[in-house]
Amino acid sequence: YTYHAEVGKVTASLTVLWNDDTYIDKTNVTLYKCPLLGSHGGTADCSLCLTRDRKYQCAWCDGSCKYGDACLDPVATTCPPPRIDW
1 YTYHAEVGKV
11 TASLTVLWND
21 DTYIDKTNVT
31 LYKCPLLGSH
41 GGTADCSLCL
51 TRDRKYQCAW
61 CDGSCKYGDA
71 CLDPVATTCP
81 PPRIDW
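For the sequence shown, counting from 1, position 77 maps to 77 in the numbering used here; every step adds exactly one.
Keep in mind that the hints were calculated from the coordinates and are not lab data. Honestly, I wouldn't trust all of these hints.
[To be verified] Result set (DSS-like, lysine-lysine): computed pairs, CA atoms no more than 27 Å apart in a straight line: (1) 55 / 9; (2) 26 / 9; (3) 26 / 55.
Can you make the complete structure from the sequences, with help from the hints?
Next comes the structure, spelled out in structure tokens:
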């Protein structure tokens, strides 16, 4: 599932119907985007990414915060040294 809002996470109500008219179940779900959860001011931030609640399974790889299963390179367990530009 995807959502278009540029926010880190949204909560939605999910209803399961059979044949569009028979109620089966209803629950709340949380949809989230690791690149937004692991950024500040539009800039990727390793420390924010790695300190997110583990339930999100966000990981720092390829220089950005991604859902762990989307990482092609090994995930980082520590952040690279900060870069300070003058």
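Going through the hints against the structure:
1. Distance hint between residue 55 and residue 9 is fulfilled; the C-alpha atoms sit about 13 Å from each other, no more than 27 Å.
2. At most 27 Å may separate the alpha-carbon atoms for a hinted pair to count; residue 26 and residue 9 meet this at roughly 20 Å.
3. Taking the CA atoms of residue 26 and residue 55, the gap is about 21 Å. The hint holds against a cut of 27 Å.
Consistency note: the structure conflicts with none of the earlier hints.
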